[in-house]
Amino acid sequence: MSDPALAVHDRLLAHYGPQGWWPADSVFEMMVGAILTQNTSWTNVERAITHLKQAGLLGAAAIDACDRERLAAAIRPSGTYNQKAQRLKAFSRFYLQHGGENGIASLPEARQALLEMHGIGPETADSMLLYALDRPVFVIDAYTRRIFARLGLTPPDAPYPALQAYFQSRLPASVPLFKEYHALIVAHAKQHCRTRPLCAGCPLLPGCAHGPGVLRPAAA
DNA sequence: GGCCAGGTGTAAA
DNA sequence: TTTACACATGGC
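Here the numbering used here is used: the first residue of the first sequence is 829, the next is one more, and so on.
Heads up, some of the hints might be wrong.
Pair ranges (Cβ atoms, derived) [claimed, not checked]:
#, residue 1, residue 2, range
1, L834, L924, 37 to 45 Å
2, L834, P989, 16 to 24 Å
3, Q925, G845, 36 to 44 Å
Keep in mind that the hints were calculated from the coordinates and are not lab data.
C-beta atoms are modelled at their ideal positions from N, C-alpha and C, and glycine is treated no differently.
Can you make the complete structure from the sequences, with help from the hints?
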């Protein structure tokens, strides 16, 4: 009998297939995307990243050197662009000071160092650690909290560290597994569990309309 | 026109 | 220590 946390992953993977996260051309682009996607749809992040590329601003030195207003204008489609411009500049400085992703990756307390930066919270830090730096940390987002609360596996108000511990204590510490799992949760949430407080047709819920063990889209 | 998006930080109560 | 709000564009 496998753990429910692993069973959910297996069902999601069987249904949706590998998600291929994180979509980016470089490690730095991934980390930029992690900041840009804060409370923002990925399609808007893509627009912002395209603008950055066109402006020659998708590099730490370029972001560090450019005016905050110009950076903000480039990332405008991602929303909260003034905040994010400031955050990108702070992160780019951090990135340069540590000698790039390899320097950051070699920090024993990389997570703590990221969290100490203004504008990088636990989800952004863990997204960077998992997808950009290949550290086996499980990323918790609003979807994860919502879905697993609905499944009755975790308390709805469980704090971030408790949810992270839930997964990390039950799953093998595998970077590919953690990457795929978080991506699958997002893919599933987009399709089924966006609405609150309950998604009656969610195939992961007990007694769902699709019957036991069956995963397919809620749309008829 | 309202709600939501691969959150985070700050300020009231 | 909770709760509320600001940040802000774009899709549905």
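Verification of the hints:
At roughly 40 Å, the beta-carbon separation of L834 and L924 lies within the given 37 to 45 Å, and the hint holds. For L834 and P989, the hinted distance range of 16 to 24 Å is satisfied, since their beta carbons lie about 21 Å from each other. The hint said 36 to 44 Å for the Cβ distance between Q925 and G845, and at roughly 40 Å that hint holds.
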